[in-house]
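Asker: Note that the protein sequences, when read in sequence, are chains A, B, C and D. Heads up, the first sequence is in the working numbering, so the first residue is 894 and it goes up one at a time. Heads up, the second sequence is in the working numbering, so the first residue is 894 and it goes up one at a time. Heads up, the third sequence is in the working numbering, so the first residue is 894 and it goes up one at a time. Heads up, the fourth sequence is in the working numbering, so the first residue is 894 and it goes up one at a time.
Since the hints were derived computationally from the structure, they do not count as laboratory data. Do not rely on the hints blindly, as some may be mistaken.
You can't tell identical chains apart in this list, so a pair holds if it fits in one copy or across any two.
[To be verified] Result set (BS3-like, lysine-lysine): computed pairs, CA atoms no more than 25 Å apart in a straight line:
1) LYS1092 to LYS1059
2) LYS933 to LYS1092
3) LYS932 to LYS1092
4) LYS1109 to LYS980
5) LYS1109 to LYS1059
6) LYS933 to LYS1107
Predicted, not measured: the structure shown is a model, and the values here were computed from it.
Protein chains: 4
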Amino acid sequence: VRVGVAGANGFMGAEAARLLLSHPHFELTLVSAGESAGKKLRDVRPGLDTDLVLQPTDPSLFERHCDAVILALPHGASAPIAEDLIKRGRVVLDLGSDFRIKDPEESFRWYGRHAPRRRLLEEAWYGLPELTGPPPEASRLIANPGCFATALCLGLAPLAGQPLDKVRVSGITGSSGSGVSPAPGVHHSTRATSFVPYKPLEHQHLGEVLQLLKGKGASFEVDFVPHSAPLTRGIFLTLFVDMPADDLYGLYFSAYEGAEMMRVTQGPVPLGAVIGTNRTLIGVSGTQSSSVVFVALDNLLKGGSGQGIQNLNLLFGRPETEGLPLHALWP
Amino acid sequence: VRVGVAGANGFMGAEAARLLLSHPHFELTLVSAGESAGKKLRDVRPGLDTDLVLQPTDPSLFERHCDAVILALPHGASAPIAEDLIKRGRVVLDLGSDFRIKDPEESFRWYGRHAPRRRLLEEAWYGLPELTGPPPEASRLIANPGCFATALCLGLAPLAGQPLDKVRVSGITGSSGSGVSPAPGVHHSTRATSFVPYKPLEHQHLGEVLQLLKGKGASFEVDFVPHSAPLTRGIFLTLFVDMPADDLYGLYFSAYEGAEMMRVTQGPVPLGAVIGTNRTLIGVSGTQSSSVVFVALDNLLKGGSGQGIQNLNLLFGRPETEGLPLHALWP
Amino acid sequence: VRVGVAGANGFMGAEAARLLLSHPHFELTLVSAGESAGKKLRDVRPGLDTDLVLQPTDPSLFERHCDAVILALPHGASAPIAEDLIKRGRVVLDLGSDFRIKDPEESFRWYGRHAPRRRLLEEAWYGLPELTGPPPEASRLIANPGCFATALCLGLAPLAGQPLDKVRVSGITGSSGSGVSPAPGVHHSTRATSFVPYKPLEHQHLGEVLQLLKGKGASFEVDFVPHSAPLTRGIFLTLFVDMPADDLYGLYFSAYEGAEMMRVTQGPVPLGAVIGTNRTLIGVSGTQSSSVVFVALDNLLKGGSGQGIQNLNLLFGRPETEGLPLHALWP
Amino acid sequence: VRVGVAGANGFMGAEAARLLLSHPHFELTLVSAGESAGKKLRDVRPGLDTDLVLQPTDPSLFERHCDAVILALPHGASAPIAEDLIKRGRVVLDLGSDFRIKDPEESFRWYGRHAPRRRLLEEAWYGLPELTGPPPEASRLIANPGCFATALCLGLAPLAGQPLDKVRVSGITGSSGSGVSPAPGVHHSTRATSFVPYKPLEHQHLGEVLQLLKGKGASFEVDFVPHSAPLTRGIFLTLFVDMPADDLYGLYFSAYEGAEMMRVTQGPVPLGAVIGTNRTLIGVSGTQSSSVVFVALDNLLKGGSGQGIQNLNLLFGRPETEGLPLHALWP
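Hey, can you work out the whole structure from these sequences and the hints?
Answerer: This is the structure in structure tokens:
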């Protein structure tokens, strides 16, 4: 299967390219990038050992060279390109947020942008395989979940049927979650020695999380506070859940039994154990009355391009874990 | 006032020495350290520009050269030395945990050690000036609060009279909180790229926090989960409080009005703004129903040696902030 | 003495403001910043506990409120403001590069900008006290050396009379050396896990270094390669010098005997021992034929604002170290 | 081919295990570790998703389950186990230093330990494929080069025939180079904010480097100063070479033409581009008279376990790059 990556010079796009370059079944045939078009990918991203030259993000080029296209574009930029590519008969996996929320009003509320055409929005498959299953065979458009959204959904969905009023979640993210564009919040000097909450109780990923939880029948509220941490990669969540720890462990264990890239354990889990992998670790600690649940994943892999490849593996009938790293770089 | 530091080669002791070397009223007259005795302090800690030679931790030496002694010793090692020094008529400020909990059974429960003599325990003054006021004039023994304890007390005490069942707290600490001894949890290779919860719901500092909260009449439970973060310095707490944010802000604002080294603001606070200072920042965010409170301080200053100097300033009739850094090193 | 800081929202300017806020003799009376004018300094830099409001960078304001002005402006922006302030009878200390190189052609060669009026250039005092002595009493304009330049001059000047053909220098700098503006080279994600040489053999600070060395009669060449390191603060140089280590040690020791903020030792020196201080450590290692010399300093203090205060201390007849931190934050 | 790893709980051993777990041709059949024997590898190293249980380091176990054994043991511990395993007909790849230096006196000089039996020492193949070629078919014992040694050899060998008196090299290493055992030099608190030279001009890896260079006919001296940098992974060298940059570039280009995992470029190279890969980047900058050469590699991959797998690939007739990561984790 010939796969292209639009936006291959960003963190998400370069990660998608990296995975495709080593994938046994998919072939990376085209990479594009706005401003760097014309340069060799290796000259812009010297960690990628390939002679591919960055092209302009032109749908006709992708039509000619690819069966599927991964869009790693700024939020809001995917919709028109996706529509064009689908008309040209290409499968699209969107790493951005344009197609994640089904209800146009909700989409506008959380992202402050008008949603794409309703028909496309309806057709888009929200692909979080452990919770939604594989994309239907005829899928032409997959909306890949956001990084925090992936962690929140995996941590909260198993609680759907429980008698809980509210779940409080404290989360952290590494700086790569903010994208490759320079900005004050990712200046090394301040990021490396600080720790800062942002968008407390109002992070935009809550929209897609609540949509999925609603579909699972969950009725509890979610108080979520993300923090910028001095890490380059990684998402870590700490959930406060008022349930006996033993029951909780059982709940998560059965929810994810058989999920090849998930592991549920008793006690804390270290974020370091998932960095560089497509795995999610879940840990449960607590007593009879108070518990905490931990969720750890790599924002660029399971929280992004890795999950994208996982979705494409399933869509194209490949083994779910094919080409995906399972063992963490340590240290 | 002549002040000595026992354990001056550890993080807390070296920080106390650093502050004393620049203090306009206190004079650093003696430094001690077990294994490094006989060496110049500058040869062991080249960042301290002094010719003082490390001595053995011998009470008679401290009696001869000091009016007050700061103990920066391993937990459990302070009690006998403090008792000896007090007999010799010296004022003792203990940065360790030996004298923090009044009830010997509680002390044993949280620290797994038998408490010192009951008489000394009763005499010890738990010194967190913003909440306990200055030490009584005749104090001979001050128990300095723990780093997480200081942050938890400052964040939770103002909630004492409120109708709350439970407050959930997620916290982080830098690696200096673990002390200078090499250990797997502070190996740079793993610490620098991970984020790991530890002792979830059962951190030992809860003992002194609950003791103080009980004294303030608080009846809510506290679920506290600390995490090891890839920072060298700093404590940051995120408290989930089911109260309107406006009420909360008012509560904290009045609680700390007039406290020179505290600042209460609306919205998130960055940890970086307190590093290298003796200040505490508190931020409040939220809605009518759900709120979060943030507490940020430097674990070696307000969470340790800085607060120790603050206590000694007050005891010796000096201005509370004398010799204490108020402006953060940035970056 | 009333002192103002122009560009107080950058790293250098904020550091100057921090030092002035704690200085026993200088008073910070005015802070300015282009885009943030009108905001409280504490709202922009929450680590600075002051109610001062940022003003526009207007010479008449500085004239009214200040006796001396520290310019922490982008390279090239200082010259016209300095000229205006001097006409108004104010003392100017420029942290930028506009007045460092005396020869206009050399200045253009190294900085790619036309130098300011020749008269001002001639009047400017290049202030590196350990090598140039204190500024003459009547100085109105002090050019503060660059960060790498300070380290290179301190490391190379004592070698001036020696029979050396070439000295090779490998250097590193923390990310704060690049200034507060976001840019790809200071993105946390890439900076935190990489190490990259830049401008090999052609760093612009060489101009002022060669000017000073020429004045000292040095005839050797300097091959200098700086590297971007994953640190927030700090300059560290490794000089390869073909001389017996014992001779070298003696050379440096006598060169800096009596310099209160310098320390010359045998063996390696750790960068951490100078962070947060205005000190410079020099270490010498080697054999009879091959030696290495190490130079460590804090780029924002001795390599910038700290040296600026040191120059002002001397100019205004204060003790050289007044208000300057001498003991390192550790860790 | 069934491969075992002795010392699988250290950084090098865990990295070898990680590579083997994903290798298409080698199978990881046995892992051993002294103190952790009996535990599942995943419980000790949660980043490795395997049910293998750590065994004691017992040669008979390795004989039963493995065709080849990778020794990732403390320096000095390999020799007796290697000898035993070879007697039992197993191929041994030693990641330690016991078999690297042929001359027992030199070995003692550099490592302070008595070398293993001379016969074994003579038989051992020093395997740095780009310089030594593939191991001879009948090899039973491969001595894998040290991390700094690999970088130094790759950087210096092409200079062998040139008229140079001395090459000066400044190098840095990440903290994983010091191994997994806690020690003051790898305490996160001090490592994360410092930069420290160590063993200036006398690093123990020089022994094996000089041995290889001598074999290539080089006559220049090497002044080498390594530094501890605040990185977890990576080796970076800066070589000062008194030759025209163009000649140098040609020299390196032809030396490594055809080497699949090396890349020679003009200008600086970023360390980040090799982290997580088995590649080496070499960059050349300079003028007609002065040049600098940069060498970048990952100390646990090309500088350790990755090169080990490369050697085993060649010995067992597999493609040289099989199972080795070629594209860097970015960021």
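Asker: Next step is simple, just say for each hint if it's right about the structure.
Answerer: Against the structure, the hints come out as follows:
no., hint, in the structure
1, LYS1092 to LYS1059, "both (19 Å within a copy, 23 Å between copies)"
2, LYS933 to LYS1092, "between (38 Å within a copy, 23 Å between copies)"
3, LYS932 to LYS1092, "between (37 Å within a copy, 22 Å between copies)"
4, LYS1109 to LYS980, "neither (32 Å within a copy, 62 Å between copies)"
5, LYS1109 to LYS1059, "within (16 Å within a copy, 28 Å between copies)"
6, LYS933 to LYS1107, "neither (45 Å within a copy, 39 Å between copies)"
The structure fails hints 4, 6 (numbered hints given earlier, in ascending order).
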